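**Student:** Now for the letters of each chain:
There are 2 protein chains.
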Amino acid sequence: MARPGVETIRRQQLIEATLKVIEQHGFQGATIGKIAGASELSVGIVSHYFGSKQGLLEATMRYLLSSLRHDVQALMAARPNEPRERLMAIVDANFSGVQTNAQSAKTWLAFWTQAMHSPELMRLQRVNERRLLSNLVFYLHQLMPPERALTTAQTIAALIDGFWLRAAMSEGRIEPNEAVALCKTYIDQAIYANNGVH
Amino acid sequence: MARPGVETIRRQQLIEATLKVIEQHGFQGATIGKIAGASELSVGIVSHYFGSKQGLLEATMRYLLSSLRHDVQALMAARPNEPRERLMAIVDANFSGVQTNAQSAKTWLAFWTQAMHSPELMRLQRVNERRLLSNLVFYLHQLMPPERALTTAQTIAALIDGFWLRAAMSEGRIEPNEAVALCKTYIDQAIYANNGVH
DNA sequence: TCTGTTTGAACGAATATTCAATTTATTGAA
DNA sequence: TTCAATAAATTGAATATTCGTTCAAACAGA
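Chains as they are written, first to last, in this note's numbering: chain A, -2 to 195; chain B, -2 to 195.
Below, computed lysine-lysine pairings styled on DSBU-like, alpha-carbon distance capped at 30 Å:
1) K50/B x K50/A
2) K17/A x K31/A
3) K17/B x K50/A
4) K50/A x K17/A
5) K50/B x K31/A
6) K31/A x K50/A
7) K31/B x K50/A
8) K31/A x K31/B
9) K31/B x K17/B
10) K17/A x K50/B
11) K181/A x K181/B
12) K17/B x K50/B
13) K31/B x K50/B
Just so you know, these hints were derived from the structure itself, not from any lab.
Bear in mind that the values here come from a model prediction, so they are computed numbers and not experimental data.
Using the sequences plus the hints, can you model the full thing?
**Tutor:** Structure (structure tokens):
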């Protein structure tokens, strides 16, 4: 088996330490010193592998986004290829995986905030946002008139973000099951409302 | 006319400077120096009137929250006392601030993030959240079965937060009208879906 | 003059970055 | 295999910068 090189291991170590420290101390409290401590490495290592703290933060956000992407793909592949099923899978994925961790919503919110003052983080955020939206529109197109599909997709996306925000606020008392249920209820309502009575 | 005392003027000056600086530089970039510069006062004045930077930030969030509260009250008073009308007024009020100031969503997001590591800001945030929710539930109770009113209220609240987030992300390309329209569409769908076909 | 207001230089704490020194790993000749 | 030479990885003290707070002094209005 091909063991990962030292560089791969160290980068992952530092990214995971970064996530842990942001969870515990927030974005402001996430200093190089604390991250180095949590990873049991030294402060100098960060600039060696990531150039700067900013580089590490960007890599960490990239990691979060790609985790989400993989969650979505995995859950979609496991469901029947029918539009409604796929939509439900998207909702499930957005509240599962890395996101299951009770504190990770806090980390997401920190990155969202930070993204607004960092062009690169903003770019990553936008790419992700667009993917979610076009995924939703694709399946909604098969369930309702085209002009309704876009607005419904925007509403679902906002709903997901909104529940994330509330999860972040609720400090551990997150109930992803409830958020998922409410999102799904909305989707069914939207399908129903945009097709009249069957 | 009763002119406000120096203290009242200075406090307001500093709060408005704080909002402006957070808009421009983010929460992290909002230093005492920049705030003092924006208010055309000196750095020493902050501790004189607010004790510390943290005190100024808390006062600023209090100001934002009370502005929102007044917006809601004013818009509700101007509408007929019917449940659906009142719900629409709540939605309008929650997006009226965005219209006034294209960048204010960014400031809200900064405060939300900060609130998670500051008990006092968190407390203020929760009070506001509860008020919104109980307002919504009160009027929804008159439009649908009680057990549906709570979940619908939670969905509306999440939707409002979600659109705020998207507004914050869109960097000036905000379209509050669209967000308001989508929220209202959802409300009508929810009322319709929870009453069967009339 | 007296009181409340305002200033801003000085200070100390916190922190990202740098880099010379040290440790660890790899190589290849004997 | 052994071992010295070389390269790569890692350390952490030193540095420079940034920022919140303090407070003695200056100022303004009554």
